[in-house]
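Trainee: Residues per chain are reported as follows:
Number of protein chains: 2
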Amino acid sequence: MDATTTPPSNALTADDQHLIDGVLAGQRRALAKTITLIESTRDDHQVRAHRVLGRLLPHSGKAIRIGISGVPGAGKSTFIEALGVWLIDQGYKLAVLAVDPSSSVSGGSILGDKTRMEQLCMRHEAFIRPSPSAGSLGGVAEKTRESMLACEAAGYDVILVETVGVGQSETTVAGMVDMFVLVQLPNAGDDLQAIKKGIVEIADLVAINKSDIDPQMSAVARAQWKQALHMLRPTSPNWRPPVINVSALQKQGMGDFWKEIQNYCTAMKASGEFEDKRKKQALAWMWSMIESGLHYRFRNNPSVHSALPEVSRKVAAGEMTPGAAAHMLLDFVHES
Amino acid sequence: MDATTTPPSNALTADDQHLIDGVLAGQRRALAKTITLIESTRDDHQVRAHRVLGRLLPHSGKAIRIGISGVPGAGKSTFIEALGVWLIDQGYKLAVLAVDPSSSVSGGSILGDKTRMEQLCMRHEAFIRPSPSAGSLGGVAEKTRESMLACEAAGYDVILVETVGVGQSETTVAGMVDMFVLVQLPNAGDDLQAIKKGIVEIADLVAINKSDIDPQMSAVARAQWKQALHMLRPTSPNWRPPVINVSALQKQGMGDFWKEIQNYCTAMKASGEFEDKRKKQALAWMWSMIESGLHYRFRNNPSVHSALPEVSRKVAAGEMTPGAAAHMLLDFVHES
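Taken in sequence, the protein lines are chains V and A. Counting in the UniProt record's numbering, the first sequence runs from 1 upward without gaps. Counting in the UniProt record's numbering, the second sequence runs from 1 upward without gaps.
Isolated chain V (complex conformation) (with noise of 0.2 Å):
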């Protein structure tokens, strides 16, 4: 590039500033542009998102982000439609995106198909984005965690960010949102899959779904949830979290759901938790940034990319400490 010709990298083009006026008009095309620029791999691509982003920063935060996980087969698509559909009907404009790194090798699964929202996806007070489908779990979150600043931004006033009820996803939604839901089955022993998976001490409120089809056993299933909280989650002062039934096919019970929504957000924005558990994940996002960069860079260094096979094969085999392993390719580093 020549220095002469192009502009400094953090001047605004044209192309940049009729972005950032579409994102903050409110428009759906500009906003689903910017994304796209987040989502990018490519390096100006890049370059081009994180200075639209900087504009777009100071007028995004007054949504509420709502994590929504659950096993596959719980209905976190219907609900999320119901729920859409519900909040569009008070006065809400609502967006839905998805971290799902799965997709990164399916193509697409989550709100992938769009036709599984299919009302949702007619009214125009609702954004739906599916997953990104490039990258590690990290890199497919950090993207999503962008859109959602972009998406608050163009004036959207509710973001649900869907994830796949599988491994570290759900840790990682929590780690962006206010709020983290989940969708369970009225089915005996689900509560024993969350509690095995760490879930439960991340769940904030948990929404027993399809309580329509046997209301004893949603009963049962609530009770059973309500215990296993009360029981292994740590207490928090403020917050109790509450198990409710609800039925998406049957639009049941979306007023009771967002009542506790509104609850937590009341509690924890007068305990001061609401805004420094924010300022907390926006530095905790950042590390996170800082050390999968590290971690790139380490990897991609010439001299270390050459020894780290044979140096890998001597430590597997006991040949060399993982202790001086470490610093010699640490050295590497340093030298070059």
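Bear in mind the hints are in silico, worked out from the structure with no lab data behind them. Honestly, I wouldn't trust all of these hints.
Remember, identical chains collapse to one label, so a pair may be satisfied in a single copy or spanning two.
Unchecked claim - Below, in silico cross-link-like pairs of lysine to any residue (SDA-like), each with a Cα-Cα straight-line distance of 20 Å or less:
| no. | residue 1 | residue 2 |
| --- | --- | --- |
| 1 | LYS33 | ILE202 |
| 2 | LYS251 | ARG299 |
| 3 | LYS279 | GLU310 |
| 4 | LYS280 | PRO309 |
| 5 | LYS259 | LYS269 |
| 6 | LYS277 | GLY318 |
| 7 | LYS33 | LYS259 |
| 8 | LYS314 | SER288 |
| 9 | LYS314 | GLY54 |
| 10 | LYS62 | PRO302 |
Fit chain A to the known structure of chain V by using the hints.
Mentor: Just chain A now, kept in the frame of chain V:
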């Protein structure tokens, strides 16, 4: 340093050779001195420690490495003493190490008070070393892991690594041993605490101690634990973690305990998992040390060091995205 008068750091000095010979001859004094080098925070000591360890490494790896955890009061020390004396009577040589990150605050806690293991201390077949008291959990554990290799080179064929039942230390210790044992009290509800903290996931054996006091309660606790392990643990094709009743005070159940250890080793060695686990552990250890080395160097880069407070403030205040902040700070390191 003047390269013409000092030997290259990898060449052995006469002192080094003396130390190595002493350790390989099973001399306790040489072993203790080597561990003191390993635990030292002085740079020259670390260089020497790596040099000595490199020569001891080919003689390590023949012991069974067992991690022992449990809540305070479960009787870990009494259990280790009873087991240790029993093992010595069977002809084994035993090293007892500890990982206790809290000892850097309190100035020594577990194994620090050697009088708690009076009988074991009097036996020359036992080598007991309290937790290193310097640094973070990772730092403390790193030194214990390297000390373990030195103990193996000195001919100790059973290594017990004790850890306190708090925080992340269990997972860290599980990453350096062949088998992880949980010592529990016969109290209902203890299992839930362990489930909550994710310890059940890493337990290869559960020993319910003090089973002599109330045999009926102990039988109930055993049944509960079996159920919890059955429901919560991912099934391994080659091992189902057993639950046994012991009494360290009455020296009951040591034979049962050791039989299960041997069953485990037999099963894991037959399937190849034993060696495979050690290889993976060594590589994971190397990477963990690389990550902390990169992190340390990053934080101590002068540009990062001076910019970090203001950048962190901006990120927390929502004036800068975590992504832009990470890129900016990473560029400092890249440029310097």
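Trainee: It remains to establish, for every hint, whether it holds in the given structure.
Mentor: Results of checking the hints against the structure:
When the C-alpha separation of LYS33 and ILE202 is checked against a cutoff of 20 Å, the pair qualifies neither within a copy, at 33 Å, nor between copies, at 46 Å. Taking identical chains as interchangeable, the C-alpha atoms of LYS251 and ARG299 are never at most 20 Å apart, the minima being 51 Å within one chain and 52 Å between chains. Taking the shortest alpha-carbon separations for LYS279 and GLU310, only the inter-copy value of 14 Å comes in at or below 20 Å, while the best intra-copy value is 43 Å. Only between protomers do LYS280 and PRO309 lie at most 20 Å apart by alpha-carbon distance; the minimum there is 14 Å, versus 37 Å within a single protomer.
Proximity of LYS259 and LYS269 under a CA criterion of 20 Å is satisfied intra-copy only: 15 Å inside one chain copy versus 56 Å between copies. With identical chains, the CA atoms of LYS277 and GLY318 are at most 20 Å apart between copies only, with a shortest distance of 12 Å across copies and 44 Å within one. Taking the shortest Cα distances, LYS33 and LYS259 never come within 20 Å of each other, neither inside one copy (34 Å) nor across copies (65 Å). Taking identical chains as interchangeable, the C-alpha atoms of LYS314 and SER288 lie at most 20 Å apart only when they sit on different chains, with a minimum of 17 Å there against 30 Å within one chain.
Taking identical chains as interchangeable, the C-alpha atoms of LYS314 and GLY54 lie at most 20 Å apart only when they sit on different chains, with a minimum of 12 Å there against 46 Å within one chain. In this assembly of identical chains, LYS62 and PRO302 lie within 20 Å of each other by CA distance neither inside one copy nor across copies; the values are 45 Å within and 36 Å between.
The structure shown violates the earlier hints numbered 1, 2, 7, 10.
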